[in-house]
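Residues in the sequence shown are numbered consecutively from 1, following our numbering.
Quick caveat, the hints were computed from the structure, so don't treat them as lab data. A portion of the hints provided could be inaccurate.
[Unchecked claim] Computed list of lysine-lysine pairs in PhoX-like fashion (alpha-carbon distance at most 20 angstroms, straight line):
hint, residue 1, residue 2
1, Lys335, Lys266
2, Lys205, Lys229
3, Lys522, Lys506
4, Lys335, Lys205
5, Lys506, Lys529
6, Lys333, Lys409
7, Lys235, Lys210
8, Lys284, Lys509
[To be verified] Here are the simulated distance ranges between beta carbons:
hint, residue 1, residue 2, range
9, Tyr461, Thr216, 23 to 29 angstroms
10, Glu233, Glu440, 23 to 29 angstroms
11, Thr307, Ser114, 26 to 32 angstroms
12, Glu313, Asn499, 17 to 23 angstroms
Predicted model, so just to flag it, every value in this text is computed and none were measured. Note that the Cβ used here is the ideal one computed from N, Cα and C, for glycine as well.
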Amino acid sequence: KEKEKCMCKTMKRLLFIIIVCIMLGSIGCESIGGMNKASEAVTNETVLLPESIQKPVVELPHVEITLGLVAETYSAESPTTPEFATQVEDMLTLLNQKAMDDGLNTTVKIKWLSSIYDLDMANQKDGVQCDAYFIRQQDSLELSQAGYILPLNDLIKKHGPSYYKFLMENPYVLKGMGIDLEYQPIYILPTNRMGTDANVVLMDKQIADKYDLNITNLDDYVEAMRTIKAGGEQKIPSSFNIFDFFDEYMGLHGYRNYPTIFSYFKLDDTGSTIYPAVEIDEYKQMLVLLQELYNDQLTGSYRDLYTSLSMGETYSIITYPSLFLTQKNTLRKNKEFKIFPLMGSNRVYSQGVGLAISANTQNPDRVMMFIDWIYSDPECMEIWLYGGGLSEGVNPYYALDDKGRITYKKPIDPMYDWLYVAGDTIFSMELARVPHYLPEGFVEIYIEILNSCIPRSEMPYPGDSLEEGTGEYEELQQLLDECDKYYDYIPALLEFRTNPNYDVNKVFKDLEDAGLKDTAQKLTDLFSK
Numbered sequence: 001k002e003k004e005k006c007m008c009k010t011m012k013r014l015l016f017i018i019i020v021c022i023m024l025g026s027i028g029c030e031s032i033g034g035m036n037k038a039s040e041a042v043t044n045e046t047v048l049l050p051e052s053i054q055k056p057v058v059e060l061p062h063v064e065i066t067l068g069l070v071a072e073t074y075s076a077e078s079p080t081t082p083e084f085a086t087q088v089e090d091m092l093t094l095l096n097q098k099a100m101d102d103g104l105n106t107t108v109k110i111k112w113l114s115s116i117y118d119l120d121m122a123n124q125k126d127g128v129q130c131d132a133y134f135i136r137q138q139d140s141l142e143l144s145q146a147g148y149i150l151p152l153n154d155l156i157k158k159h160g161p162s163y164y165k166f167l168m169e170n171p172y173v174l175k176g177m178g179i180d181l182e183y184q185p186i187y188i189l190p191t192n193r194m195g196t197d198a199n200v201v202l203m204d205k206q207i208a209d210k211y212d213l214n215i216t217n218l219d220d221y222v223e224a225m226r227t228i229k230a231g232g233e234q235k236i237p238s239s240f241n242i243f244d245f246f247d248e249y250m251g252l253h254g255y256r257n258y259p260t261i262f263s264y265f266k267l268d269d270t271g272s273t274i275y276p277a278v279e280i281d282e283y284k285q286m287l288v289l290l291q292e293l294y295n296d297q298l299t300g301s302y303r304d305l306y307t308s309l310s311m312g313e314t315y316s317i318i319t320y321p322s323l324f325l326t327q328k329n330t331l332r333k334n335k336e337f338k339i340f341p342l343m344g345s346n347r348v349y350s351q352g353v354g355l356a357i358s359a360n361t362q363n364p365d366r367v368m369m370f371i372d373w374i375y376s377d378p379e380c381m382e383i384w385l386y387g388g389g390l391s392e393g394v395n396p397y398y399a400l401d402d403k404g405r406i407t408y409k410k411p412i413d414p415m416y417d418w419l420y421v422a423g424d425t426i427f428s429m430e431l432a433r434v435p436h437y438l439p440e441g442f443v444e445i446y447i448e449i450l451n452s453c454i455p456r457s458e459m460p461y462p463g464d465s466l467e468e469g470t471g472e473y474e475e476l477q478q479l480l481d482e483c484d485k486y487y488d489y490i491p492a493l494l495e496f497r498t499n500p501n502y503d504v505n506k507v508f509k510d511l512e513d514a515g516l517k518d519t520a521q522k523l524t525d526l527f528s529k
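Using the sequences plus the hints, can you model the full thing?
What follows is the structure, encoded as structure tokens:
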């Protein structure tokens, strides 16, 4: 009987435990919507917000984070201009409210730095100190060695699951920086709006479709200019930065300039020969071609490429695709454009930029959590970039067209508004809106360009192997100073834009008389040691 009683008690206990487990399981499913597994423990030390933006299990103490940003605008006073300041203030109000609603318990402020090098303000002892600030990758090693900024690998992995996923899904970001996150320290949080030296042609879609144009390189573009002109169109077919044309043309023929546009090295040359422009046949052919393009009114010079395109002065421009996503352009709403990447080998990434987390911050984990939160939710990213209210139609600066692309309700002065600053700091192409004038497949085109580029470290330049502090390095610095004098010859070199009687041979003779060949030979001799 005693045995039966024990068994009965045991059965009752088991039944009670089963019922409790069922009840707890039901409560757990209701409370977290089935999004978190029981095995995903959340502690005070590491609080990870799931991608569905649920409130954290552990209530976080309130913190205030200050971001030190640089307003790279035409006006150094832009952060204090009323409209700019209002735009940023309204954005922060919405962003901070959502951060509180989502359980981050974080308030973010912005401190405007006078320049990217303004470390005194970023690390100010008296007054407001920045918890994170905007820097360039090329400065990150020096700043880290000086103790200004933190390595971010562990912070990303512990407190930035969405940002970590962003990096893994956009492998060209770390590739472009030359960083392996598993083995090398990373000191800035880059976006995937990356700079490269790869250009694209942005062309009026109606013109591109009318003449069934397909452009893959500069030769194709020149032929397209001639086709448009021969079709009787009234506008200038193209406009471009002259030096972008130089880079494209010489790159197409296997050259890259060093250290000025008057001397080059060969991309497929394993040696260290520097070729003066006056001895490169393709360089002379390029100048003759440019003179023809200007004389035949196939291209023209304007104060600003986007202005010439938006004002209808030209049908196309050569430019960098990274600008399209964040630059404030006044292109008309009824105009759409085609993108033609000028693809070629040996395209390199520009140095990365982004936020670094200050070594002096008291809350590095909360800074990372805030940045991760923006990358985790399209609504957060939309508030950060545009100020929110787009879907409701209440945003005072932007509206959405029928394809969900950004249009501009009114011009913002200066041309680079908050979007330009925001896009350099925290940005995801997958979560951002495409401007109204770009084709729907632009992001895919841009990613294709980025995937085709190589890190700067994989394209050795002459002199890269010279160590600072050596006699050879000092000699190089002296020769680079000597090269500066050739910049005085740029106006004469570019006279093909306005002088129908331009004589390239005279320009070459003047450069020879100035010693261009001798300088190139000195550089070659130095690199051959």
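A quick look at each hint next to the structure:
no., hint, verdict
1, Lys335 <-> Lys266, "41 angstroms, violated"
2, Lys205 <-> Lys229, "16 angstroms, holds"
3, Lys522 <-> Lys506, "24 angstroms, violated"
4, Lys335 <-> Lys205, "8 angstroms, holds"
5, Lys506 <-> Lys529, "34 angstroms, violated"
6, Lys333 <-> Lys409, "10 angstroms, holds"
7, Lys235 <-> Lys210, "15 angstroms, holds"
8, Lys284 <-> Lys509, "12 angstroms, holds"
9, Tyr461 <-> Thr216: 23 to 29 angstroms, "26 angstroms, holds"
10, Glu233 <-> Glu440: 23 to 29 angstroms, "26 angstroms, holds"
11, Thr307 <-> Ser114: 26 to 32 angstroms, "27 angstroms, holds"
12, Glu313 <-> Asn499: 17 to 23 angstroms, "21 angstroms, holds"
When the structure is compared with the earlier hints, violations turn up for hints 1, 3, 5 and for no others.
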